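Colleague: So the sequence lines, in the order shown, correspond to chains A and B.
Numbers 1 to 360, taken from the numbering used here, label the letters of the first sequence in order.
Numbers 1001 to 1404, taken from the numbering used here, label the letters of the second sequence in order.
Please keep in mind that the hints were generated in silico from the structure rather than gathered at the bench.
Do not take every clue at face value.
Between beta-carbon pairs, the in silico distance windows are [what the hints assert, rightly or not]:
#1 B:L1003 x A:S102: 53 to 61 Å
#2 A:E187 x B:T1377: 55 to 63 Å
#3 A:P290 x B:G1375: 34 to 42 Å
#4 A:Q310 x B:R1269: 24 to 32 Å
#5 A:G321 x B:N1379: 41 to 49 Å
#6 B:A1251 x A:E104: 24 to 32 Å
#7 B:L1003 x A:G46: 33 to 41 Å
#8 B:L1003 x A:E7: 18 to 26 Å
#9 B:L1334 x A:E103: 38 to 46 Å
#10 A:E49 x B:R1017: 50 to 58 Å
#11 B:Q1258 x A:A108: 30 to 38 Å
#12 B:R1014 x A:V139: 50 to 58 Å
Predicted, not measured: the structure shown is a model, and the values here were computed from it.
Where is the CB? At the ideal position from N, CA and C, for every residue including glycine.
Listed here are the chains, written in short residue letters.
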Amino acid sequence: MNFDISEEQQLLQQMIRQFLEKECPTQRLREIFESDTGFDAALWKGMVELGITGLHLEDSYGGAGLELIDLALVGESLGYGGAPGPFFGHALAGLAIQLAGSEEQKRAWLPRLASGDAIGTVALGEANGIWQPEEWQLVADGSSVLTGEKLNVPFASIADVIVVGVAGGGLVLVESSAVGVDIQPIEGVDRSRRIDSIRFEAAPCVPLPNGEAVAPRVRDAGLVLLAADAFGGGSRLVDMSVEYAKTREQFGVTIGHFQALKHQLANMAVELEPSRALFWYAAHAFDHIPVEAERAAATAKAHISDRVMQIARDAVEAHGGIGFTWECDVQLWFKRAMFDRAFLGTPAVHRERSAQLADW
Amino acid sequence: MDLSYGKEYEDFRREVRDFLGSNWPPGGDADRFPTKEETATFRDLATEQGYLRRSIPKQYGGSDQPPDEIRGSILREEFSRLRAPMDPPGIGMMMLVPTLLERGEEWQKQKFVPPTARGDVIWCQGYSEPGSGSDLASLKTRGELVGDEWVINGQKIWTSGARDAHYMFCLTRTEPEQPKHAGISYLLLDMKQPGIDVRPLKQMTGGADFNEVFLTDARTPKDWIVGKRGEGWLVSRTTLKHERNSIGAAAQSNAVFQGLIQLAKSTQRSGRPNIDDPAIRQRLAEIEGYVRAHEYSGFRQLTKNSRGENPGIIQMMNKLNSTNIGDRVAKLALDLLEEDGLLDPIATPRAGYRPSANRSWITQYMYSLGIAVAGGTANIQRNVIGERGLGLPRDVYAERSSGK
């Protein structure tokens, strides 16, 4: 029995944390948050140099050949640091091409995605709460021409290649520079991870041969990464609130003395900490326990994103009046939690999926 | 990560299964209730194999095994599969024996450990008092040395098993002039004496698992003290080096949750099974998130404990996690019961009364609160998590009264 992360994995997390503390302190994060594009090329280059873009891709394509758990641990650390940038969509695009692509497609894209020469993203969302592969309605005509719309595509504006989910549950590749691809920003609440809508007008696309089988796997990996990111953000919110309770004074003592606040903080920690094992398990199951993988991912995403949203609300309260201001850093992670909760479907969606998968 | 136990441990599991296969149930008859003698013989045999009394040295009747969280866990899994008896349940094996082994005099170990480990001697714990719950160290039960005997006066409460117990281990104020923690001694005393009056405490469920114990000039020999005079608080806090049951609490939560799913399948509303109701499905799936988080956190702790590492704050959360899950399960169960939620859980079935198959859920609805309170209320757990886990300062009033 070894249900723990390795020393290498701990080092990787530490490295990312230290990098973000140095290169993306909240002052910098705020500037990016309030910028037009939400993208800082130098910061992204630094993250690429840490090796996070090729972690899960095979060695023969310039990757490190690791597993979803490694990617999820990176996601947790990025969530903790509130890191802005395209990691989430980029990681999923690489995974989709690796699992569903032809040899030619893999050779064309994976080395570039691993090295950070190209940026990838995934277009999974459509209007009316559609996220799941079996719900997709965008039609790829003759498998080579797309007409229609995808919504809530992370950082499509800076992506070179987009993996698009299409009717029938398959996946196609679109180059963002192709004719008939119109990318427009959406005013998203989490300004560290921007989203765009994409209007396709007879845009050329190529199918990923194994797309139908792989699309649910890509969704599951996405759920795990969102859960991991939410967990990391939740940890940051708990830490910030505890720190505030240890420094802010009222009635002549630090407010952490008062049981009402102490219990609120303890409850936040109790809601969060056990769920660490939930995203670990889901990530581990993705590569090692196929029969449980889909349900474990759904449970992890529903549970953690829901818990962390409440923790974010509690964190505002724990900070008192200042917690409600733009100036207080809580808002940055509050909004990150909103992204993680809504993206790929709300907790209710995944609880119902989980119930169906259990044959309830 | 690897969720299997590995070859060495799977070999061990096979060995345990073989042993159980030839020794339990007695005579291979699973339908017959085993006799006391059969249970005792089985426990001795299992001890010879190193499966029971693992943390007790051989000279006190144990099997003297090095602590091994994973072996402990495998033994619990395999024994419970066949309902084979493990070490005698109760506070004696759980708390008194490890405390004596660590802090007791040689004669105390010889006299008390072997019969307790065999299950021949039963103990109860005299800690809480009517005025000393969360602030246990404020306890007032007095112990005075008169000649060669301690004479004890006071009242203990929430004493599980006091009616059956042969002995009590009891926190007693023997040094009233000392600051509160330093005035307490850890005394052992015989329950079968005129100075002790045990009164069952009826719970809101109707059952009576606890008692009040009134001590009026109760007596115990001078040397039935563990540690020195005034060291009782420290003795009661002795860090115990035995195998933790890291995944036991979660296994129980999981069992109750599985029962809840069955209840949702077997009950109906407007002629449709509750399990088909979208609102019920949402609540079940939400509870499952907590159950799985608790379960997998057990794996995490088992891994850390088996390496002798500290699992950190998660270890302080086990009780609160179980409490919170019990609470959510109870609320959903009561909704599933619908009008059966009007029924008294302990009513004796009488002719003409409509029976319900689900009375035990009504007991659970109330009993889950008993769990929330027993062994330190949920609010005390939150203090521990806040102060020891998150490093928040101690409550000003608690700080002031601790004499520090």
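Colleague: Each hint should be assessed against the structure and marked as holding or not.
Modeller: Verification of the supplied hints:
no. : hint                         : verdict
1   : B:L1003 x A:S102: 53 to 61 Å : 34 Å, violated
2   : A:E187 x B:T1377: 55 to 63 Å : 47 Å, violated
3   : A:P290 x B:G1375: 34 to 42 Å : 41 Å, holds
4   : A:Q310 x B:R1269: 24 to 32 Å : 29 Å, holds
5   : A:G321 x B:N1379: 41 to 49 Å : 27 Å, violated
6   : B:A1251 x A:E104: 24 to 32 Å : 51 Å, violated
7   : B:L1003 x A:G46: 33 to 41 Å  : 35 Å, holds
8   : B:L1003 x A:E7: 18 to 26 Å   : 19 Å, holds
9   : B:L1334 x A:E103: 38 to 46 Å : 59 Å, violated
10  : A:E49 x B:R1017: 50 to 58 Å  : 53 Å, holds
11  : B:Q1258 x A:A108: 30 to 38 Å : 49 Å, violated
12  : B:R1014 x A:V139: 50 to 58 Å : 57 Å, holds
Hints 1, 2, 5, 6, 9, 11 from the list above are not met by this structure, while the remaining hints are.
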